[in-house]
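> Chains A and B supply the protein sequences, listed in that same order.
So for the first sequence, our numbering puts the first residue at 8; every next one is plus one.
So for the second sequence, our numbering puts the first residue at 8; every next one is plus one.
By construction, these hints were calculated from the structure, which means they are not laboratory data.
Some hints could be false.
As the list claims (entries may be wrong) - Pairs of lysine to any residue residues, derived as SDA-like cross-links and limited to a Cα-Cα distance of at most 20 Å, are as follows:
hint : chain 1 : residue 1 : chain 2 : residue 2
1    : A       : 231       : B       : 101
2    : A       : 231       : B       : 106
3    : A       : 231       : B       : 147
4    : A       : 231       : B       : 245
5    : A       : 231       : B       : 100
6    : A       : 231       : B       : 144
7    : B       : 119       : A       : 149
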Amino acid sequence: MSLDPRIDDALARLPDYLGNHVLVSVSALLLGLAVSLPLAILSIRRPVLRNALLAFSSIVQTIPGLALLALFYPLLLGLSALTGRAFGASFSALGFLPAVLALALYSMLPVVRNTVTGILGIDPAVNEAALGVGMTRRQALLMVELPLALPVIMAGIRTSAVWTIGTATLATPVGQTSLGNYIFTGLQTQNWIFVLFGCVAAAVLALAVDQLLALMENGVSTRKRGQIALGAAGIAFIVAAALGPGFAASRATYIVGAKTFTEQYILEALIEERLQAAGLSTRRRDGLGSTIIFDALKAGDIDVYVDYSGTLWTTQMQRTDTKPREEVLAELKTWLVARRIDLLGALGFENAYALAMSRKRAESLGIRSIADLARVAPGLSIAGDYEFFARPEWRALVDAYGLSFRKQMLVQPEFMYPAAAAGEVDVISAYTSEGRLAQFDLVVLDDPKHVIPPYDAILLLAPGRAGDAKFVEALKPLSGAIDVKLMQAANLRANGKGGDSSPEAIARWMWGEIVRSGK
Amino acid sequence: MPRAPIIEFSDVSKTYGEAHALEHVSLVVGAGEFLAIVGPSGSGKTTLLRLVNRLAEPSSGEVRVENADVRLADPPLLRRRIGYVFQGIGLFPHLTVAENIAITPRLIGWEKDKRAARADELLNLVRLDPAHYRDRLPAELSGGERQRVGVARALAAEPKIVLMDEPFGALDAVNRDAIGRDYRALHAGLGLTTVMITHDLTEAVLLADRIVVIHEGRLIEEGTPRELMISPKNAYVRELIETPRRQAERLGALLKGGA
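Bound conformation, chain A alone (with noise of 0.2 Å):
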């Protein structure tokens, strides 16, 4: 029994996150290394492919590995897209496949830049013998360049699988699941114990590999096979001891997707919980992008999540007006249907976009709705998340009110509640169905012009689904069992400590009080 119900649930994850972990970094490495060691020995002796192979590691080196690995799914997308045209076959463009890429391009610069250091390094006097005793260039390479070099080469190895094994938890939001499931869900739920757990994860896998590689490193330099073997079986029995229940788990047949925040983490744990009261097997992709994880049910790489009538109504319909939630809704679907999606239902609550502040000073600016802000937010400053500022919602205010602020920033949603009621901050973006509007007493601003979009959360099912009757009965009963009040409530309890936050545990209690209410 341990201290904190969050470290059993952390462990009982465990096999799952740390097996896809060492699949995807080993996998990463080992096609890293295929890649940039036969191209840096190819580069020794030709200057310009060496320099454009060293610049090339270099910059993509200097990329942020979260967008890195963002980048790799679209780009596989069109891939995907294209080799679906030509050849009848796609491929999924979520999860695995963006994160080997990325990351195998993301290990090459320390392999590559030793192998060209370690191989120019070597004395010249020891290369000329190499060919004065009748070696020809592959024997001088392989039967001198390569060992002398080998000490350096491993070291760059060691680098490699270090950085690849920590950036590797940055594949979480493009579908594949890691130690970094730990950290974004933790974020998002505000569950340090989970971030915590999931950083000494990572670091002690990536500290373990960097030992035994060492090991082996200093094998190869002091010419101790009995060091290299030792070395080698550590880490075989890492890859074996990591893989082994990941693939002995069963296939889940139903896979539920959550985006990158609170409400989505618990309502995929609403999903999964029903869906296994049903007797169905699933698994989770959570933490993904907001446009990716619309396209993974397009792809069918997911069978079902919580998106939002106004998401879908910008960003997928490009649509810039605005129409009353049932016209949405009902366009949404024919939208939807003709892509075969379907929208099984609305839950019952709206999450919009607003603009909140705290009562305190609403009222002693006199500040009721969007129009009354106009007037004085020259004055004033406003925070938003890291998508308010780029949606066509904000646009669509700044035209329709005139708005334009003293300053503006992105915040973490979780900081700008209480920055608002502190007052470091005038107003927010916030959403309609956080439970902590009320906590700290924020008020949100009407929208006279009904500038922006009604954002029902729906239910949608992945192509093919909706003809899957078990499945659909199961999910069935959340349609309009969720009102905003049930919603808020969940969200704030997220933000409490101790077992009870946790999306499992908020899920189970939403689902006795729609029994409750008798929806």
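Dock chain B against the given chain A, drawing on the hints supplied.
Coordinates of chain B only, in the frame set by chain A:
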């Protein structure tokens, strides 16, 4: 008895961009001969040696080894039948003494046992105890020991020709003399043809059958040690010969009990 030619340079020139390393050099080395090439640094003597096993290619002219134009030979195969002792010794630091010695036999495809036996045989030949030296790494050897291993490696594949580039330059006087005399005995005993580069005329005079002097890429003097000592034709060579001759006379006088 005139010797059959084994290495022939015919009007060989070598330029590196604007610089002339060798200009119209013609030279014949006879089978079994011990030829020393003497000249100051940068005179082109190393380039001349490297033309023989195609570590360098002439810009014009022809080099023949055993009556065949070297351009017709595959460089690695050519090098495997010519022993080479390098200026920097160039032992492979990751291979043991025995592995270093047996490297060319390994390239030719000798069996492992035969290679080990050959390495021991050569260690004995260069007066190093096989039991004591065969499994050591080059870093564990002294300069003299390393040079002996370098000579053993050059002889491993039973070459007829051995090229030596300042082989004993880095050694102290005692070691240098000992290895020089030992090598001279091997040269005679194995019936080798040896071309040795040195900037030290005394060494050349004491070891070689014949000496050629290279200066600024040109062959300026050629003859037996005795001919060179007694009647050098070239002014530079006269100057070159002056120091060892004066030293020899002074040593001779000392030994006779004079001064």
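> None of the hints should be skipped; say for each whether it holds.
Results for each hint:
| no. | hint | verdict |
| --- | --- | --- |
| 1 | A/231 x B/101 | holds (13 Å) |
| 2 | A/231 x B/106 | holds (17 Å) |
| 3 | A/231 x B/147 | holds (18 Å) |
| 4 | A/231 x B/245 | violated (58 Å) |
| 5 | A/231 x B/100 | holds (16 Å) |
| 6 | A/231 x B/144 | holds (14 Å) |
| 7 | B/119 x A/149 | holds (19 Å) |
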